[in-house]
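Student: With the hints as a guide, dock the two chains, each given alone in a separate frame, to form the complex.
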Amino acid sequence: DTGVSQNPRHKITKRGQNVTFRCDPISEHNRLYWYRQTLGQGPEFLTYFQNEAQLEKSRLLSDRFSAERPKGSFSTLEIQRTEQGDSAMYLCASSDTGYTEAFFGQGTRLTVV
Amino acid sequence: AQKVTQAQTEISVVEKEDVTLDCVYETRDTTYYLFWYKQPPSGELVFLIRRNSFDEQNEISGRYSWNFQKSTSSFNFTITASQVVDSAVYFCALSEARGGNQFYFGTGTSLTVIP
Numbered sequence: 001d002t003g004v005s006q007n008p009r010h011k012i013t014k015r016g017q018n019v020t021f022r023c024d025p026i027s028e029h030n031r032l033y034w035y036r037q038t039l040g041q042g043p044e045f046l047t048y049f050q051n052e053a054q055l056e057k058s059r060l061l062s063d064r065f066s067a068e069r070p071k072g073s074f075s076t077l078e079i080q081r082t083e084q085g086d087s088a089m090y091l092c093a094s095s096d097t098g099y100t101e102a103f104f105g106q107g108t109r110l111t112v113v
Numbered sequence: 114a115q116k117v118t119q120a121q122t123e124i125s126v127v128e129k130e131d132v133t134l135d136c137v138y139e140t141r142d143t144t145y146y147l148f149w150y151k152q153p154p155s156g157e158l159v160f161l162i163r164r165n166s167f168d169e170q171n172e173i174s175g176r177y178s179w180n181f182q183k184s185t186s187s188f189n190f191t192i193t194a195s196q197v198v199d200s201a202v203y204f205c206a207l208s209e210a211r212g213g214n215q216f217y218f219g220t221g222t223s224l225t226v227i228p
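These protein sequences, in sequence, are chains A and B. One point on numbering: in the numbering used here, the residue at position 108 of the first sequence is 108, and numbering is uninterrupted. So the numbering used here is basically just the index in the second sequence, starting at one, shifted up by 113.
Same shape as in the complex, but just chain B (with noise of 0.2 Å):
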């Protein structure tokens, strides 16, 4: 069963719009971490951020911000006011604490800003 679901494939937007990511996991341990990653046409993964499942705190960097919300296993990524240079793939990641260390990945949501 996919522990990490990224339900959109493809979203457009214009520049300014604002977006919002979708990502919606699945575990039975209590304790886990959610991931935010970033691959632009590069190629590199660009870490983006780290939530544990004790932290149901929403936060916000700059354009960017973050909604958790255990009660329905999801965890949203809001890119505010984007622009061109969003453009990219952007997975969602899981990793538990009893499954060893590997990350539970997403199959991304490819953001295309158009100007």
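Isolated chain A, as found in the complex (with noise of 0.2 Å):
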């Protein structure tokens, strides 16, 4: 396995349409996390899933985001009606239990105009 991978790996759209971004994890990890990354900032908390159930949601996901992890395989982060505000790299990760370490993928930079 070569790790945990995301696509796009870059994303330039128009202020309110909508964005779909894939995140594949490590195939034996069950946790999958997505975060949000702003420019000199940490990586923000913003859900995980264990398998299939998302069982934690940042207050910083509003409405117009809703993640998806479909059979406990891959997961999808969707943004609807973006706003230049959205703009920031968007991290996927995975572990195989609780409170081990996350192996992060590359990311993926949204850049809404």
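These are calculated hints, taken from the structure and not from any lab test. No residue lacks a Cβ here, since even glycine has one placed at the ideal position from N, Cα and C.
Okay, the calculated bits of chain B under chain A, using three or more residues with CB under 8 Å as the criterion:
#	stretch
1	151-158
2	216-222
Listing some non-contacts, in silico: residues in chain B with all C-beta distances to chain A over 10 Å:
#	residue
3	Ala120
4	Val126
5	Lys129
6	Val132
7	Thr143
8	Asp168
9	Gln170
10	Ser174
11	Gly175
12	Phe181
13	Gln182
14	Thr193
15	Ala194
16	Ala201
17	Ile227
Computed cross-link-like contacts, DSBU-like style, restricted to lysine-lysine with a CA-CA straight-line distance of at most 30 Å:
#	chain 1	residue 1	chain 2	residue 2
18	B	Lys116	A	Lys57
19	B	Lys151	B	Lys183
20	B	Lys151	A	Lys11
21	A	Lys14	A	Lys57
Tutor: Pasting the structure below:
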């Protein structure tokens, strides 16, 4: 396994459009996380899944954001009606159990123009 | 309140110098986990170390060493004989046993090693 994979790596979209990102975790990991990172800041937690169940969502995750993890494998993060403030790096990570280290993908950089 | 504080925003050192990156955390949990990650210019966060709250033993891995002190709520990271390849942003993170499973990251310390 080559690690956590995220697609696309870069996305430029016009304000008001919807975007969807995909994350493929390390295959044996049952936990999957989404984080957002803006310039000069550390990653901020958005949500996490254990298998297919979404167990926690941050207050940062507005109604325009939705995440899914069908069948406990890959995950998608959709942002509807994008705003300029959504411009950030979206990071996905996975781990095999709780409280162990998480392994991160290379991220998807979103630019809303 | 910020759970993880990395007071050093940027550090520059000359190659072969030693450098210590500071991390101070805040939690009410008795069981928690501390991490260090490296983020090189390519952007991917690379896991370096995990420590649980019951294990205060310091650890050394090659040129890297970590000093965990519960009495001062600190988990500092030292790079010995720094190299240009060590240039990156380093993040300290906390995960609490009662806080779900999210990682709380500090704001990072940008390290530049000058050849």
